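Colleague: Heads up: the protein sequence lines correspond to chains A and B, in order. By the count of this note's numbering, the first sequence reaches residue 211 at its end, each step adding exactly one. By the count of this note's numbering, the second sequence reaches residue 1335 at its end, each step adding exactly one.
I should point out that these hints are in silico values taken from the structure, not numbers from a laboratory. Do not take every clue at face value.
Stated by the list, open to error - Straight-line C-alpha distance at most 35 Å; calculated DSBU-like pairs for lysine-lysine:
| # | chain 1 | residue 1 | chain 2 | residue 2 |
| --- | --- | --- | --- | --- |
| 1 | A | Lys113 | B | Lys1102 |
| 2 | B | Lys1126 | B | Lys1052 |
| 3 | B | Lys1263 | B | Lys1332 |
| 4 | B | Lys1263 | B | Lys1081 |
| 5 | A | Lys113 | B | Lys1177 |
| 6 | B | Lys1332 | B | Lys1137 |
| 7 | B | Lys1137 | B | Lys1171 |
| 8 | A | Lys113 | B | Lys1081 |
| 9 | B | Lys1081 | B | Lys1126 |
| 10 | B | Lys1333 | A | Lys113 |
| 11 | B | Lys1333 | B | Lys1170 |
| 12 | B | Lys1102 | B | Lys1081 |
| 13 | B | Lys1102 | B | Lys1266 |
| 14 | B | Lys1052 | B | Lys1102 |
| 15 | A | Lys113 | B | Lys1266 |
No experiment lies behind these values; they were computed from the predicted model shown.
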Amino acid sequence: MAMAKTKSKWLGYAEWWLVFLLPLVPLGLLTYNAWIFNLGADPAQEIVHETGIWAINLLWTTLAITPLRRIFKFSWPMRYRRMLGLYTLFYAVVHLLAFATFILGWRWDLLLKELVERPYIVVGAAALLLLIPLGVTSTRGMQRRLGRNWLRLHKLVYPIALLVMVHIIWQIRSDFGEQLMYGAILSMLLGSRVYFYLQKKVRVMQAARAA
Amino acid sequence: MLIKKPDSIKSSEITSESVYLNRRHFMRGALGTAALLATGAANAIPEYEVEKDLPIYRGPDWLQQKIRASERNGQYVTDEKLTPYFHVMSYNNFYEFGTGKKDPARHAQDFNTDPWKVEISGEVGKPGVYNLEDLVKPHLLEERIYRLRCVEAWSMVVPWVGLSLGDLLKKFEPTSKAKYVEFTTLFDPEQMPGQRSRFSTLEWPYVEGLRIDEAMHPLTMLAVGVYGNALPPQNGAPLRLVVPWKYGFKSIKSIVRIRLTDKMPKTTWNQMAPQEYGFYSNVNPAVDHPRWSQASERRLPSSLFNPNRIDTLPFNGYAEEVAELYRGMDLKKWY
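Based on the provided sequences and hints, a complete structural model is requested.
Modeller: As structure tokens, then:
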């Protein structure tokens, strides 16, 4: 009995470390390839693009955790929702810093100009700004302190995801395959929430009628 | 023992991959300068040193001979540093082979560019379908170093080998009704995976065009080579246009048809998004693309330590040569 318990505890640690380290792999690969000059003629663009893509991948993964629990009764990923959310913020911040450093070289005049002239950057920046309060309030203490408002605040993740969609759609030059894929997955993730919300509403109404 | 057996080489003596690649990086920087210094004979094309592990595209025999006999055009040189061959042949926009910058180098390697025929039609005295060899052979090829400015706000400096488009067109006797020249890229979905994509908003085949005076301008070039060899398939082999004062997408690749016409050609990007890509598409820092600024550009290769950002010049620095073509035109309207 005691053996089994230590074993599962050990497995739990291993799982935690795995989930903790896995999202760092893309950044690790990117850093390695930058180090050996393997990012092509425009390494800056490559880094900005990759970190952005991974911020999106992680955001979509974070949003998949609740539907996984509701539909497939997978509840263990719940433990990692906060971690994945924080990784989303992390990659988004690296994405912005890489853009400001490697593309703009911290030229504030250009930054302002780009912000005004490239609407997709404004939308992306808005998404990142909105992510920050979610990151700041992700601790247990903040969760307790905010109570019901915490849930309300964290519903911001939905407008953030939509802003991200606009951010990538406005960058389409001709091929929209990638945007279509992210859009389809996001529609499923958000659609499942609408479905469960309506189902709950129906149940409440039925209960009210029964009473 | 003088000759070491392989197993007696300590692993610490083996150059690590990162150090090796660092050296390559250093060499890449040095090559451009070395190439310029190596210019021996007055007009001969310099012998470009290319890293050993990079593919070189020699092309058919007749083209090799033409390129070997070609001369550098001293009028079209620049003291700007050449973009290294490695980047020129591995960082490409050629949507027929995919939309990623590395896609063309990846997917175009088996692209069959020999034999190659070009149809010359429309308002010309001698229309017909010609072998590329017959089109190129009568001309002395020359090397010209041009700046290439992409509409995506990056740029390169490239040593092309080719001929003036005007010299070629004259041989086919354009009629007085020839007001425009329309170019078409090969349509071959079997060889060009990008043409099979279901998510592309571009119509194939790719079409570009020039006004006749732009086409006859001495700067306008048909290229068959780059860096002293044939064009790599990802760069638009075997025949591409190079119009250095216009955004890169005007310089159409892998041309199979040149048609002279009295109507402004319906060019691909312009048809897809007319508010973003004009027919003229002259490089113009004063007219922004609706989704980004054109005031500056990043000269490639950039590095992480330096974005290599420079101001974009009107007509990509060729205003002296070409500005008169547009005298009296409102370039904000005719972007």
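Colleague: Which hints, by number, does the structure contradict?
Modeller: The structure conflicts with hints 2, 4, 5, 6 and 9, although it agrees with all the remaining ones.
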